[in-house]
Structure formats: structure tokens, C-alpha cells
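Chains A and B, in that order, give the protein sequences. Residue numbers for the first sequence follow the working numbering, beginning at 1 and rising by one. Residue numbers for the second sequence follow the working numbering, beginning at 1 and rising by one.
None of these hints come from the bench; they were simulated from the model. Treat the hints loosely; a few may be bogus.
What the hints assert, rightly or not - Restraint ranges, calculated between C-beta atoms of paired labels, are given here:
#1 A:Gln152 <-> B:Asn193: 31 to 39 Å
#2 B:Ala140 <-> A:Ala103: 46 to 54 Å
#3 B:Ala140 <-> A:Gly167: 31 to 39 Å
#4 B:Leu170 <-> A:Leu295: 47 to 55 Å
#5 B:Asn193 <-> A:Thr194: 45 to 53 Å
#6 A:Arg219 <-> B:Leu15: 33 to 41 Å
#7 A:Gln152 <-> B:Ala33: 30 to 38 Å
#8 B:Leu15 <-> A:Ala103: 38 to 46 Å
#9 A:Gln152 <-> B:Ala298: 48 to 56 Å
#10 A:Ala218 <-> B:Pro29: 49 to 57 Å
#11 A:Thr194 <-> B:Ile166: 52 to 60 Å
#12 B:Leu158 <-> A:Arg219: 53 to 61 Å
Stated by the list, open to error - To give a feel for the contact side, a few chain A residues facing chain B, derived at Cβ under 8 Å:
#13 Val132
#14 Leu243
#15 Gly244
#16 Arg247
#17 Ile269
#18 Leu270
#19 Gly308
#20 Ile315
Remember, predicted model here, so these are calculated numbers, not experimental data. C-beta: ideal position from N, C-alpha, C; glycine also.
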Amino acid sequence: MTEARRIPDHLESRTSRLLKSWEALLLALAVAIFVANSLASPYFLNPWNLSDATFNFTEKAMIAFPMALLIVAGEIDLSVAAIIALASTAMGAALQLGAGTPALVATGLGTGLLCGAFNGLLVTRLGLPSIVATIGTMSLFRGIAFIVLGDQAYTGYPESFAWFGQGYVAWVISAEFVLFWILAALFGVLLHRTSLGRAVYAIGNNPTAALFSGIRVARVKFLLFLMTGLLSGLAAVCLTSRLGSTRPSIALGWELEIVTMVVLGGVSILGGSGSIPGVVIAAFVLGMVTFGLGLLNVPGIVMSIFVGLLLIAVIALPRLAARLWPRSRHA
Amino acid sequence: MKSRELLLALIIAGLVGLVATRFPGFARPANLAAVLNDTAILIVLALGQMAVILTKCIDLSVAANLALNGMVVAMLNAAYPGIPIPALMLLALVLGAALGAVNGLMVWKLDIPPIVATLGTLTIYRGAIFLLSGGAWVNAHEMSPAFKALPRASLAGLPVLTWIAIVAVLAVWLVLTRTPLGRAFYAVGGNPNAAVYTGIDVGRTRCAAFVLAGALAGVCGYLWVARYAVAYVDIAGGFELDVIAACVIGGVSIAGGIGSVGGAILGALFLGVIKNALPVVDISPFWQLAISGSAIIAAVAFNARAERTRGRVILKSAEHA
């Protein structure tokens with residue numbers, strides 16, 4: 001969508017410094033929100049409350065990690081929330097057939113993997129632009145969930161299944177929160193410390209050059225869609241376990257919040273730059289904003305105004321600053 | 001008419017014919033006019049969205065823009081029934097254009113990617129409806145009879161709603177094919193760099209497309225609320241996807257520069273015919289989402305193949321970079 005994409009010729013110095021400063025800014029924002037929340041509501045600093053607050057972002061962040069890689073590579077997947085709906089529906093159907101907890105989890109992950117593979121095939125085999133292809137699959141996947149369930153719901157998940165979304169590992173540390181940190185570490189290493197991660201940046205900066213330098217662009221992109229599908233399946237397991245029921249409207253509109261999380265984390269929507277630590281901090285920022293506003297009795301729809309403003313502000317402010325003080329960029 | 005549009009028209013005719021073999025009433029002119037009327041708002045929104053997509057942008061905020069304007073005119077009408085309806089429509093048009101300009105200016109002056117800018121305004125506009133109404137509904141009995149009657153009123157055998165869509169189609173067709181602005185839309189999307197060298201202000205052209213889409217969405221806000229005689233926060237929720245679907249099915253290329261008014265209309269009609277045919281053939285309306293999803297995928301796949309044969313083999317990958 002840009003006229004000419006700038007290709008950094010010295011990756012280490014300027015780009016990384018800019019990224020570090022972005023993460024520092026975001027971290028300062030997170031601390032500010034934390035302090036503001038604890039001043040605004042006396043209930044905020046309760047450990048159980050803080051633990052509850054993490055549920056606001058853990059499931060979304062699970063998908064935000066692979067989504068960050070996908071966006072760095074210049075693609076996007078808008079069907080993630082619909083994959084949650086379809087995977088959750090598949091789990092509900094498996095439950096009706098008498099599946100136990102291991103089979104339920106396998107069904108959720110498997111459905112996510114299949115959906116991701118379908119997206120990946122559309123983009124890499126048929127060469128479709130990912131934004132439209134996944135708008136299509138978003139309707140298709142959720143549409144199938146609606147065909148299966150209509151206005152019905154699946155309930156009655158087994159007791160042992162509840163652990164994923166409601167279990168605690170130790171004291172106030174929930175299973176989901178631990179899973180969140182494990183995935184953050186995994187994806188951080190994958191993006192920043194492996195050749196696959198290098199390839200993801202290269203593809204995002206210039207797919208043609210990446211191809212000519214021996215990177216199997218289509219295969220890497222397919223793998224990223226597969227990962228996004230799998231993690232959406234995992235999020236479906238956690239969310240279904242936490243809610244204890246499946247409706248076709250489950251996780252409606254999450255794709256927008258997940259993309260917001262990724263972009264807020266400093267990942268360029270045009271591809272080519274971004275980092276996992278940024279996404280981790282952004283997850284905390286968004287989770288605490290929504291939880292803090294909730295404690296202040298702000299309705300959900302008004303919170304979405306804050307999220308929308310935050311999304312635009314974090315992108316607009318650096319651009320405005322660069323325009324007002326053009327020299328500071330070279331400093 | 002290009003072969004693609006002809007094909008789509010044939011598919012739609014085939015669909016109507018298929019339903020008519022079992023339910024002859026479906027193909028009666030009166031019923032087809034009702035389907036057209038039911039699709040009128042989608043057609044108008046698809047026209048605006050097409051202008052935006054032509055310039056290589058996308059507007060995800062149209063449905064929220066529609067809903068916000070619908071709430072504004074509904075609340076005004078409930079509070080001051082004396083305001084004439086044309087004045088309310090004009091207000092919706094201007095306010096819609098202003099909301100579109102917010103998107104356009106962010107894309108033009110701040111260089112924010114359109115998908116992010118309109119994702120943000122989508123949630124902001126929806127939230128603004130809640131702030132404005134406090135979450136309350138404006139119900140049919142609070143609206144003045146004239147407010148609700150206008151879209152239904154019959155003029156030369158067709159409802160006013162259909163006529164408004166026809167006027168919008170003609171206006172957008174004129175702009176796209178007979179004005180420098182219309183040519184600029186195509187030029188900016190076809191090749192932004194080349195457009196700059198021919199003296200076109202790319203940013204301003206994109207902003208103009210957003211204003212056009214916003215103005216059309218504003219008018220649709222009044223039409224929607226008056227037609228369904230109710231206004232609340234979530235009206236037309238998710239409708240932006242139907243609008244984009246109509247464009248894509250109609251052959252508008254998401255990469256910009258390719259698309260026609262005829263295609264957008266046919267794309268919208270395709271969805272409209274399916275929506276109206278499902279209850280007739282006794283298929284649960286829950287099928288509609290999956291069907292339009294499949295239609296989008298099939299249409300983009302078809303577009304991708306059609307665009308590939310355009311003979312820009314050598315520089316294709318360079319242009320995408």
C-alpha cells in the first residue's frame with residue numbers, strides 16, 4: 001500500500017535502536033497505566049484481581065504472537081476469531097460423540113491446524129491477497145459454526161477440561177498465564193534467534209529479494225499461516241474451557257483486538273519490522289486498560305473507543321513528531 | 001459489458017432461474033423489484049467502497065459510519081419531529097462525509113495505513129453511538145411518520161429507496177467515467193508512482209475517495225434506520241464485510257485500479273439474491289454467512305487468475321514490492 005518501501009541497509013544500528021525506544025515508550029505507558037489504575041480504584045492492587053486481569057489478554061496474546069510473525073512477513077490473517085469459533089464448535093461436536101479431555105484438545109488443535117492450512121494454501125498456492133482471502137475464510141469458518149449450531153449452544157464440558165481456562169499452577173498464577181509466557185519465549189526465540197525468524201523479516205522487507213537469496217518464501221508463509229491456525233486452536237481450547245460453553249458467536253470481533261495488540265506492539269502493518277517483546281508489553285497495556293476501565297464501571301463499548309484511539313495514536317504520534325521535529329530522527 | 005460482468009449476470013440469472021423452477025413466484029417482476037429494493041443500501045455502500053478500493057485503500061468503518069449517522073438523525077427526529085426529512089438526509093450526508101474525511105486525512109496527511117486507520121475509527125464511531133445514545137434504542141413509535149414513510153413511498157412503481165440507489169449509481173458512474181477525479185481514482189490504484197509523475201496528488205485523491213464513501217454511508221444511515229424503523233448501537237454490525245464482499249465478487253481488485261460500477265452492483269445483487277432466496281427454498285438463514293464466505297474466496301481466486309493474464313509478467317513482482 002505504500003508507494004516505495006524503505007529497505008534498511010544497516011539493520012543493526014538505526015532500526016534496532018528505534019525499536020528499542022518504541023518498546024521503552026510502551027513500557028513507560030504500561031507502568032503509567034498500572035499506577036493510574038491503582039490510584040483510580042482501591043480494588044486494583046489485589047493479587048486475585050490482577051490475576052483475573054490477565055485473562056483479558058492471555059488468549060488473544062496467544063494468537064498475537066504468530067500474527068506478529070505473519071504481519072512482519074507482510075501478510076495478515078483476519079480469520080483467527082472465526083477459527084476459534086469453528087474449533088470450539090468442533091470440540092462441542094466431539095463432546096457429543098463422547099470424547100474425553102485429550103480428544104477434545106486434539107480436536108481443537110487439529111481444527112485450528114486445518115483452518116490455518118486452508119488459509120495458507122489460498123495465499124501461497126492460489127496467490128490470493130491474504131487480507132481478502134482471510135476475510136472470505138472468516139465468513140466461511142464462522143458460517144460453518146453457525147450452520148452446525150444455529151442459535152444453540154454446546155455445554156457440559158468435563159471437569160478435567162476446565163483446567164486449561166480455569167486452572168491455577170500455583171497461588172494466583174493461572175495455567176493460561178504460564179502458557180502465555182512459554183509461548184512468548186518460544187516465539188521470541190523463533191523470531192529473533194533463528195534463521196526462520198531472519199527469513200520472516202527478509203520476506204517482509206522484500207519478498208522478491210528474499211526469493212532470490214534462497215528463501216523459500218511460499219513455504220515460510222505457509223508455515224506461518226499453519227502456526228496462526230494452530231495457536232487459534234489453542235486459544236479456542238482455553239476460551240472454551242474458561243467459558244464452559246460454545247456458541248457460534250464466540251470470540252466475535254477478536255481479530256480486530258489481536259491486530260490492534262500486534263500493531264500497538266510496534267509491528268509495522270506494512271511488514272518488515274517488529275518484535276515479540278513489544279507484543280508482550282502491548283498485551284499487558286491492552287489488558288490493563290480494559291481491566292482498569294472495567295473496575296471503574298466503564299462499559300465495554302466505551303473501552304473500545306480507548307482501544308481505537310490508542311491504536312491510531314500510537315501510529316500517528318511518531319509520524320507527527322517526525323514531521324514537527326524532523327531532525328530528531330537523525331539524532 | 002465485459003465478459004466478467006456478463007458471467008456474473010448469468011450466474012445471478014441462473015440462481016434466480018433455479019429458485020424459480022420450484023417457486024415460480026420468485027422470478028415475478030414484483031418480487032425481483034423487492035429483492036432490488038432490499039439490496040439498495042448494499043449497492044450504495046458498495047459504490048463508495050469501490051471508489052476507496054480503486055485507490056488501493058480499504059474502508060472498514062463504513063458500517064459504523066452508517067450506524068452513527070442513523071442514530072444521529074433518529075435522535076434528532078425523535079427530539080424535533082419538525083425538522084424536514086430532506087434536511088436530515090443532507091445532515092447525514094455532510095456528517096458522513098466528515099467522518100469519511102477523518103479517515104481520508106489520516107491516510108493522506110499522516111500516512112497511516114488505511115486498514116489500521118479505519119479499524120480504529122470503526123471502534124471509535126461505534127463507541128460514539130453509545131456515548132450519544134447512552135445505549136438506549138430509538139424505537140418506531142418515537143420516529144415521526146414522515147421519517148419512516150420516505151424510503152417506502154412509491155414513485156413510478158418503485159420505492160423511493162430504490163430510486164435513491166439508482167441516483168447514487170448514476171452519480172458515481174458519472175464521477176468514475178466522466179471526470180478527472182474518476183480517472184485519478186483508477187490511476188492512483190493502478191500505479192501510484194506513475195500517478196505522481198502525471199501530476200496527480202495521490203493522497204488527496206485517496207482522501208476524496210474516503211469522503212465519497214463516507215457521504216454515501218451517511219445517507220445510507222438515514223435509509224437504514226428509516227427502513228427498519230429502529231436505531232441502536234449495533235445496527236449494521238459487521239455489514240462492512242458484506243460491502244467488501246460485494247466489491248470483490250463484482251470484480252473490484254483489492255490491489256487497486258480495477259473495478260466498475262456495473263461489477264459492484266452485480267456483486268451486491270448476487271449477495272442480495274442469495275439472502276432473499278434462502279428462506280424461499282427453506283434453507284436456514286444461518287447458511288448465509290458460509291455461502292458469502294465461499295463466494296468471496298471463489299471470486300478472489302477468479303480475480304487473481306483474470307488479473308494474471310493481463311500481460312504484465314515481467315514487472316509483476318516488482319510492482320507488488
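Evaluated hints:
1. A:Gln152 <-> B:Asn193: 31 to 39 Å: 53 Å, violated
2. B:Ala140 <-> A:Ala103: 46 to 54 Å: 50 Å, holds
3. B:Ala140 <-> A:Gly167: 31 to 39 Å: 49 Å, violated
4. B:Leu170 <-> A:Leu295: 47 to 55 Å: 54 Å Cβ-Cβ, so the 47 to 55 Å window holds.
5. B:Asn193 <-> A:Thr194: 45 to 53 Å: 35 Å, violated
6. A:Arg219 <-> B:Leu15: 33 to 41 Å: Since the Cβ atoms of Arg219 (chain A) and Leu15 (chain B) sit about 39 Å apart, the hinted range of 33 to 41 Å holds.
7. A:Gln152 <-> B:Ala33: 30 to 38 Å: 36 Å, holds
8. B:Leu15 <-> A:Ala103: 38 to 46 Å: Cβ of Leu15 (chain B) to Cβ of Ala103 (chain A): about 41 Å, so the range 38 to 46 Å holds.
9. A:Gln152 <-> B:Ala298: 48 to 56 Å: 29 Å, violated
10. A:Ala218 <-> B:Pro29: 49 to 57 Å: 50 Å, holds
11. A:Thr194 <-> B:Ile166: 52 to 60 Å: 58 Å, holds
12. B:Leu158 <-> A:Arg219: 53 to 61 Å: 55 Å, holds
13. Val132: With a closest approach of 5 Å, the Val132 (chain A) hint holds.
14. Leu243: 21 Å, violated
15. Gly244: 23 Å, violated
16. Arg247: 12 Å, violated
17. Ile269: Hint holds; Ile269 (chain A) Cβ to chain B Cβ min 5 Å, cut 8 Å.
18. Leu270: At about 6 Å, which falls below the 8 Å cut-off, the nearest Cβ of chain B leaves the hint on Leu270 (chain A) intact, so it holds.
19. Gly308: 4 Å, holds
20. Ile315: OK, holds: Ile315 (chain A) within 8 Å of chain B, min 5 Å.
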